[in-house]
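**Q** Sequence:
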Amino acid sequence: MNPLKTEIIKQLHLSTALSVAEVERLLEVPPREELGDYAFPCFTLSKAWRKPPNVIAQELVAKTDTTSGAFSTAAAGPYQNFYLSKSKYVETVLKEVFIKQHDYGSNTSGQGKTIIIDYSSPNIAKPFGIGHLRSTVIGQSLYLIFKKLGHPVVRVNHLGDWGTQFGKLLVAYRKWGKEEEYQKNPVNYLYELYTRFHQEAESATQLEDQAREEFRKLELGEKENTKLWRKFREISLNEFKRIYDILGIEFDSYAGEAFYDSKIEVVLKELEENKLTEVSQEALVVNLDKFNLPPCLIKKKDEATLYTTRDLAAAMYRRQTYDFHKSLYVVGSAQQLHFQQVFKVLELMGHAWAKDCIHVDFGWVKFEEQILSTRSGHILLLEDVLRRSIQLVREIIAEKNPDLEEKEKVANQVGIGAVVFAFLSRRRQKDFDFKWEEVLNFEGESGPYLQYSHARLCSLQRKYSRPISSEVDFQKIAGREEYQLTKLLENFPETVKNAAEQYEPHIIANYLLKLAGVFNTYYQNVRIITEDETATKAKMLLVYVTQIVLREGLNLLGIKAPEKM
RNA sequence: GCCCCCGUAGUUCAACGGAUAGAGCGACUGCCUUCUAAGCAGUAGGUUGAAGGUUCGAUUCCUUCCGGGGGCACCA
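Residue numbering for the first sequence follows my numbering, beginning at 1 and increasing consecutively.
In short, the hints are calculated from the structure, not lab data.
Cβ atoms here follow ideal geometry from the backbone N, Cα and C, with glycine treated the same way.
Just so you know, not all the hints are guaranteed correct.
[Stated by the list, open to error] Taking lysine-lysine and the DSSO-like style, the derived pairs with C-alpha atoms no more than 27 Å apart in a straight line are:
1) 409 to 326
2) 263 to 300
3) 241 to 366
4) 409 to 560
5) 5 to 355
6) 537 to 88
7) 355 to 263
8) 560 to 487
9) 10 to 86
10) 86 to 5
11) 241 to 409
12) 355 to 113
13) 88 to 63
14) 113 to 263
15) 476 to 86
16) 497 to 326
17) 463 to 300
18) 100 to 355
19) 497 to 435
20) 95 to 63
21) 355 to 299
22) 430 to 514
23) 269 to 326
24) 400 to 435
25) 223 to 275
26) 241 to 231
27) 476 to 5
28) 5 to 63
29) 86 to 175
30) 497 to 95
31) 476 to 113
32) 514 to 400
33) 301 to 223
34) 430 to 497
35) 95 to 560
36) 301 to 217
[Said to hold, decoys possible] Pairwise CB distance ranges (calculated):
37) 435 to 396: 14 to 24 Å
38) 6 to 152: 46 to 56 Å
39) 465 to 443: 22 to 32 Å
40) 436 to 99: 37 to 47 Å
From just these sequences and the hints, can you work out the full model?
**A** See below:
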């Protein structure tokens, strides 16, 4: 916290006799700048002191010691407003960013508190659709955010590489599969087979039974099925890694469902010991009536396991292996009930850490008003979206900046940034209706807008081409926009913290839009590099630290910040 | 039927329980012989789904209702 705010809190602590923590909780930022930088609402004191809040505000003003010169204060109705000494304030904030550089906003509060993030988690033998991007980019951003706060973070890609769907695929592949077709484009072909299975199964109901039987055999380790499964898994994983490469994403573990299938014995044993299971309709379940939840299925009547069983095993394995502080599941809202059941069962098993398992849910990605679903074949390939976006950037560069160096690299960074930002710029739980004309609009609130602002900041530094110093005349940068910018810069660490607490990358996205907006207004209204060397030097310090924060913020979203575009 | 999420400008979205609810897009209007116009500024656009309640104060919290979406036994 900046020392000026600390001083105000101390003064309020003395004048109100409230605890420092209480003052800090009540102290707020006024909605309009003419009302000052901080405001203390006197309503709560009004009751205890039996006086109207506006009278209290005046009394507090009279009691406040402003001899330090750090701030002035005035009553405005029921509020005591504080006005910081602008140049002093700008100095403290800018110097802090300047000293900390890319570590500004970083923290050590997360040290030793491991966070597991389960995200992306696509299904094997299916192409990577745009629907999966939401989990991927939210998870990736949370990884970057928690890392910044000092947490050890484990990125887990919980591959959907097990389950009845592979029974379906095995049936379909044996029935209709042609090796030469498979070779051409394995993943797409497997996906075709999968959708064909669903079409044919509508009229041929025995197919579903066959699929269940094949999966059961696979689970029992039958040779041919295992061999085929391995083949499908490997080819898909390579395909996914190619996509992650494009996005610049890596994982620490690809331990998917199949991996945990071999670890379910412990789960069954613990459930047994705690006498939690019962047989219902031939299946093994944990009854959760008491908690107003439907029964949690552990084993099907044919003895095969379920997704839920494997998730229980995964949770326990992760706890044992990583001793996590929090275990996050970045998975769509549709699976909310599933996680409620899993976490409740873990709790009933006596695992107090069940409360540290968190379902970071998010709404649907829709395209042309329809929910995207690999099962129905309504799918928009991520790669197609990225390709289109990058192509559009190429065209814009050709038109606006044909002499740009490294065109292709920039086109990739901006094209991908546009798509990623579109997915991170809204609150998680809202459904996202994918519209080409919105995702590929690079004006206004968009990734390219932020990147463009960043490039501008870099361009200024190139033009200035002298070292930036923090020893400047801060009187020269105490104007309106400069002050607004500084305030936003001060908010960055708090913003990162909020984003982490709420598992909401969008909070950072929103913040960056504001930061870029204020900077662009400033840029428009105030000429930065002028004959006045003292003023230029001071303004360049502001430019420099703004660029650092914008770049760091973009990095936290997993978006590259090119220096030219 | 039960449970969860969402409902704010034409539209897409913001707004630690605080003072006059803000942006982008779209529409209209200005600003490039000066640091990147992927920019900036202006105009128009609102009964925050409805009604109650808690509070000094509610878009925010609680209750009920309405509308949209999702989930609810052998899929994941």
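**Q** The structure should be examined with respect to each hint, and the outcome stated for every one.
**A** Evaluation of the provided hints:
This hinted pair does not check out: residue 409 and residue 326 have alpha carbons roughly 37 Å apart, beyond 27 Å. Note on residue 263 and residue 300: the hinted pairing holds, with a Cα-Cα distance of about 17 Å set against a maximum of 27 Å. Straight-line distance between C-alpha atoms of residue 241 and residue 366 comes to about 25 Å, which keeps the hinted pair within the 27 Å bound. Between the alpha carbons of residue 409 and residue 560 the distance comes to roughly 11 Å, so the proposed pair stays at or under 27 Å and holds.
For the suggested pair residue 5 and residue 355, the alpha carbons sit about 35 Å apart, so the restraint of at most 27 Å is broken. For a cut-off of 27 Å, the pair hint linking residue 537 to residue 88 stands: about 17 Å separates their Cα positions. Straight-line distance between C-alpha atoms of residue 355 and residue 263 comes to about 22 Å, which keeps the hinted pair within the 27 Å bound. Straight-line distance between C-alpha atoms of residue 560 and residue 487 comes to about 24 Å, which keeps the hinted pair within the 27 Å bound.
With a C-alpha separation of about 19 Å, the suggested pair residue 10 and residue 86 falls inside the 27 Å cut-off, and the hint holds. Between residue 86 and residue 5 the alpha-carbon distance is near 13 Å, which keeps this suggested pair within the 27 Å criterion. Between the alpha carbons of residue 241 and residue 409 the distance comes to roughly 20 Å, so the proposed pair stays at or under 27 Å and holds. Between residue 355 and residue 113, the direct Cα distance comes to roughly 15 Å. Compliance with the 27 Å bound is thereby established for this hinted pair.
The hinted pair formed by residue 88 and residue 63 meets the criterion: a straight-line CA distance of about 23 Å does not exceed 27 Å. Annotation: proposed proximity of residue 113 to residue 263 holds, straight-line Cα distance about 25 Å (limit 27 Å). Distance hint between residue 476 and residue 86 is fulfilled; the C-alpha atoms sit about 11 Å from each other, no more than 27 Å. The suggested pairing of residue 497 with residue 326 holds, with an alpha-carbon distance near 16 Å, which does not exceed 27 Å.
In summary, the hint linking residue 463 to residue 300 is not supported, as the alpha carbons are separated by about 69 Å, beyond the 27 Å threshold. For a cut-off of 27 Å, the pair hint linking residue 100 to residue 355 is broken: about 35 Å separates their Cα positions. Straight-line distance between C-alpha atoms of residue 497 and residue 435 comes to about 31 Å, which puts the hinted pair past the 27 Å bound. Taking the CA atoms of residue 95 and residue 63, the gap is near 31 Å; set against the 27 Å cutoff, the hint is violated.
Proposed proximity of residue 355 and residue 299 is supported: the alpha carbons are some 24 Å apart, at most 27 Å. Restraint check for residue 430 and residue 514: satisfied, since their Cα atoms lie roughly 21 Å apart, inside the 27 Å limit. Of the pairs offered as hints, the one joining residue 269 and residue 326 holds, with about 25 Å between alpha carbons and a cut-off of 27 Å not exceeded. Taking the CA atoms of residue 400 and residue 435, the gap is about 25 Å. The hint holds against a cut of 27 Å.
Restraint check: the Cα-Cα separation between residue 223 and residue 275 comes to about 35 Å, which exceeds 27 Å; the hinted pair is violated. At most 27 Å may separate the alpha-carbon atoms for a hinted pair to count; residue 241 and residue 231 meet this at roughly 16 Å. Restraint check for residue 476 and residue 5: the C-alpha separation of about 22 Å stays at or below 27 Å, so the hint holds. A distance of roughly 17 Å separates the Cα atoms of residue 5 and residue 63; the hinted pair therefore holds under the 27 Å criterion.
For a cut-off of 27 Å, the pair hint linking residue 86 to residue 175 is broken: about 76 Å separates their Cα positions. A C-alpha spacing of about 21 Å is found between residue 497 and residue 95, which places the hinted pair at or below 27 Å, so the restraint holds. The straight-line distance between the Cα atoms of residue 476 and residue 113 is roughly 43 Å, outside the 27 Å bound, and the hint therefore fails. This hinted pair checks out: residue 514 and residue 400 have alpha carbons roughly 25 Å apart, not beyond 27 Å.
Between the alpha carbons of residue 301 and residue 223 the distance comes to roughly 23 Å, so the proposed pair stays at or under 27 Å and holds. The hinted pair formed by residue 430 and residue 497 meets the criterion: a straight-line CA distance of about 22 Å does not exceed 27 Å. Simply put, residue 95 and residue 560 have alpha-carbon atoms about 25 Å apart, close enough for the 27 Å limit, and the pair holds. Taken as a hint, the residue 301 and residue 217 pair is honoured in the structure, with Cα atoms around 14 Å apart against an allowance of 27 Å.
Our hint of 14 to 24 Å for residue 435 and residue 396 holds, since their Cβ atoms are close to 19 Å apart. For residue 6 paired with residue 152, a C-beta distance near 31 Å fails the hint of 46 to 56 Å. The hinted window of 22 to 32 Å between residue 465 and residue 443 holds, with their beta carbons roughly 30 Å apart. Checked against the hint of 37 to 47 Å, the C-beta distance between residue 436 and residue 99 comes to roughly 44 Å, which is consistent with it.
Comparing the model with each earlier hint shows violations of hints 1, 5, 17, 18, 19, 20, 25, 29, 31, 38; every other hint is respected.
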